[in-house]
Every structure is written in C-alpha cells, then in structure tokens.
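Enquirer: Chains as they are written, first to last, in the working numbering: chain E, 1 to 118; chain G, 1001 to 1118.
No lab work stands behind these hints: they were computed from the structure. Keep in mind it's a predicted model, so treat the numbers as computed, not measured. Quick reminder that beta carbons are idealized off the backbone N, C-alpha and C, glycines included. All clues stand as given, with none of them false.
Between beta-carbon pairs, the in silico distance windows are:
1. G:T1059 x E:P13: 21 to 29 Å
2. G:S1110 x E:P13: 12 to 20 Å
3. G:Y1077 x E:R78: 52 to 60 Å
4. E:E17 x G:S1047: 35 to 43 Å
Covered stretches of chain G, going by a simulated chain E footprint (3 or more residues, C-beta under 8 Å):
5. 1027-1041
6. 1106-1115
Protein chains: 2
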Amino acid sequence: MSTPATPRLLEHPAPGEIRLELVLHALSDAVRLRIVSELAAAETELSCSHFVLPVTKSTTTHHFRVLREAGVIRQDYRGTAKLNGLRRTDLDALFPGLLDTVLAAAEAQSARLEPAGA
Amino acid sequence: MSTPATPRLLEHPAPGEIRLELVLHALSDAVRLRIVSELAAAETELSCSHFVLPVTKSTTTHHFRVLREAGVIRQDYRGTAKLNGLRRTDLDALFPGLLDTVLAAAEAQSARLEPAGA
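Please take these sequences and the hints and turn them into a complete structure.
Expert: Following this line, the structure appears as structure tokens:
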C-alpha cells in the first residue's frame, strides 16, 4: 500500500523576519553573489544543477542554504529537483534598491578585475 | 637622548584593493552598521571613545579593525587618540549608491524593529 509522498518543505523566514545583517552576510561571498546575479538575470526559478560553480556540491548546497535562511532566495522541491528563486519582491519592499545596488557593484567589480576576454 | 616618536601607521587597503565581498561582510553586523551610521551622520572623524556600544572594549576594537581592513573606514592616530573616518569618496567611486542604500536600509529596519520611544 502506498501513501502519498509528503512534500518536503524547506524553512524560509517570513518577510518580517528578514534581517539586513543576514542579507548582507549572505551577499558577502563571491559564489553566493554569482548565484544571486544569475537568478536576477534569469528572472525565473533555476534548479541547483543549472549553476556551474567552482566549488564542491556540498559547498554549493551550503551556499544555497545560507541564501535561503537569510531570505534572499526561495527554494522549493518540484519532484526531485530543487528550484531556486530570488525573493526580489520581499527584498525590494524591505530594503529598497539594495539588491540592484549590490548586483551593479558586483558587476562593476567583475568588469574591473576580470577584463573582457579574460 | 630622546628620539622623535615614530608615527604608528595602520594598514589600509588602497582603493583598487577594496573588495565588495569584504565591504558587505564588514557591514553585515549590527554594531558595525551602527558605527558606520554614526560616522556617516557626523560627516567628520570620530574617536573610538565617542562611540557608546553594547560590547566590550576589545570587541569594539575588533569591529573597527574589520571596518578598516575592508576599506570602509580610515583609522589614524592623532597623539594618543585613534580617529575614525568613513571612506565615503572611495566607496562611492567603487560602488555607487551602495553605502547610502545600506544606511537607509539599516535606518528603515531600526524604525521597524524599535518603534519610537522604545
């Protein structure tokens, strides 16, 4: 006898629980900044396997978890895939302009440190 | 025979060495955000003793050091006092709008979490 699979739910802070300090900490890492930049550019949910990152799989999982627990991304299971989406609406409401300013700063720094073609 | 005192110089990253990740990490702490907010409001250099913070003196010293090493503040000795100043010009040139956006977010969060009179 089979029972319906229990959906695996991951914990997320409610909008009112999101804290600036944790958001800034979540964004204070090159790999996590890259994940957030890709999600912002995609404007849709992306599976973890979409990202090609220069770290191990367990480190990747850790980075996604830090982003989720800070309230920067939402992670939901769809079947066996874990889909990641930027919580732009929540972040923009709480901290107007913060996400875009950080993303622009990250892009400017990349352009400065890794000239085109490098 | 006395020799002139050697000025104690503290290490600071040059503007081109300042990294977004370290700046965001430096700002990802409530005490350090408060220090930066006070320096921004003062628009002048302030001695460490100016700040009344809910942490020990050695923790305070640590926080100022994190801010200095990230390139967020400049610390200079004037006699026995250590003076702290925000590196606004450098930060605004590297990451336009970042400092003001973070400070506004910190202020909004304080107002939300600590209603007036609390």
